[in-house]
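Participant: Sequence:
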Amino acid sequence: MVRVLLGSAFVAAFALVAVAPLSAGSGERTSTLADQRQVGLTVYNAGLALVHDVRRVRLGDGLNHLAWADVSGKIDATSVLLENPTVPGSVRVVEQNFNYDLLSPATLLQKYVGRDVTVVHPTVGTNRAVRETARVLSTNDGVVLQYADRVETGVDGRIVFPAIPSNLRERPTLVLDVTSTTAEPQTLDLSYLTGGLSWRADYVGLVSASDDRMDLSGLVTLSNDTGTSFNDARLQLVAGNVNVAQPPTPNQMMALGKVSARTSDEFAQQNFFEYHLYSLSRPTSIADKQTKQIALLSAHRIAVRKTLELRGAESYYTQAQPDLGDRLPVGVYFGFENRGGELGMPLPAGIVRLYKHDANGTSLFLGSDQIDHTPKNESVRLRLGDSFDVSARKKQTDFRERVLIAGRPYDQSSYQIVLRNAKDAAVDVLIVEPVPGEWQIVDESAKHAKTSASTATWTVRVPAGGSTTLTYTVRTFLG
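So the sequence shown is numbered by my numbering: it starts at 36 and just counts up by one.
These aren't lab readings, by the way, just hints derived from the structure by calculation.
Beta carbons are placed, not taken as given, at the ideal position from N, Cα and C, and that holds for glycine.
Do not take every clue at face value.
Unchecked claim - Pairs of lysine-lysine residues, derived as DSS-like cross-links and limited to a Cα-Cα distance of at most 27 angstroms, are as follows:
hint : residue 1 : residue 2
1    : Lys429    : Lys458
2    : Lys391    : Lys327
3    : Lys482    : Lys324
4    : Lys429    : Lys341
5    : Lys458    : Lys411
6    : Lys482    : Lys429
7    : Lys482    : Lys430
8    : Lys482    : Lys341
As the list claims (entries may be wrong) - For each label pair, taking beta carbons as the anchor points, the in silico distance ranges come out as:
hint : residue 1 : residue 2 : range
9    : Asp459    : Asp247    : 15 to 25 angstroms
10   : Asp323    : Ser125    : 26 to 36 angstroms
11   : Glu413    : Ser114    : 30 to 40 angstroms
With the hints as constraints, model all of the structure from the sequences given.
Facilitator: In structure tokens:
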């Protein structure tokens, strides 16, 4: 009678003993990182990268089974291109397979479902062990083993496997059926697209005591989650929003423009299609599961401007409103021009963090903001937070709906904004009001500027320890 024993829980960390080496296909040639002569990485913002893996490989004349080990575990196998750059046409890929089922205790056990293994049971109180043959029935939520006289779950010892299956690899491997016109050693370039490699820009600015200058440094932050390491790689970074639905071919991605600027001693910036490319001037190694940073740029004494801004909303002007709020936050903004001096270069998207020294010379964090890809000669604008000492109270003092003027209907709203300043010095506050549709300011206590088709802006001086009141009335025409 077959007995079913509910044994101890499946032990994942059992010892694996393979009595036969990796069983590859007949005549398979394996290329590892030891054959690598050069590796190039072109990394995009969207977690996409182009890899050029150049190795010295000896193939036989005719058909070869080539196992190209240590490729990215997140390779796009449909993008693979294998070529001999110095002897075009000397190799041709007939078939390829990406083996991403990697060797581990769990995958090895799964491959042996329906097959026999040897279980080594320890003997209590002795150094001897009992060996038994068992068939693996299942590995779902644990292991189920069928012995000659029983079925058990769990393993009280270790499992010995006769061999490693040929379809299980210890690291990501691309298996290629390749025809070669020569048996001499060749330098082959395997290029492919992969996920798992990403980069971003991080910027740090140190603001001067007078808030009118800033030293800015930029860092590239690289992350590698591909399952493989890239040693002494030639690194290029592409800044721009690339559509990956139909990725560019490796040849297209290598079509670079002329060098137009140098960002730092580390990176040279190049024009690249509708994007910008940054090439590291030296090789660098990026280990798997590693995040590293490299200097991108350094600029000193950049002219900056700080503004305090109270910003409204279009909804204020479409209906009668209750009190719009007391102690409304007044935002703190920093801006600078990406031109001249040590700037005037394309700035990749990233986070800008600003600091300033206190009276004791200690750096304190002022705030941070995200910037988009910014071309040269464009403005950069950062929102750092809200002013502690400057606030506002805003209310709607009148609202008249669907008034007619010359037979044309309009809504009319009146507002009062009180700005308060607890600082020891006077400040200027920008009041920025987005007004919907066609509009007209018909009354105001201070002159506004029409800064866009839908924006009215006032610059209001608020004295130290005092307040200033702005009143205005606006008509918004209907239809």
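Participant: Are the hints correct? Go through all of them and say.
Facilitator: Hints, verified against the model:
no.: 1; hint: Lys429 with Lys458; in the structure: 20 angstroms, holds
no.: 2; hint: Lys391 with Lys327; in the structure: 26 angstroms, holds
no.: 3; hint: Lys482 with Lys324; in the structure: 58 angstroms, violated
no.: 4; hint: Lys429 with Lys341; in the structure: 23 angstroms, holds
no.: 5; hint: Lys458 with Lys411; in the structure: 36 angstroms, violated
no.: 6; hint: Lys482 with Lys429; in the structure: 18 angstroms, holds
no.: 7; hint: Lys482 with Lys430; in the structure: 19 angstroms, holds
no.: 8; hint: Lys482 with Lys341; in the structure: 22 angstroms, holds
no.: 9; hint: Asp459 with Asp247: 15 to 25 angstroms; in the structure: 18 angstroms, holds
no.: 10; hint: Asp323 with Ser125: 26 to 36 angstroms; in the structure: 32 angstroms, holds
no.: 11; hint: Glu413 with Ser114: 30 to 40 angstroms; in the structure: 34 angstroms, holds
Checked against the numbered hints given earlier, this structure breaks hints 3 and 5; the rest are met.
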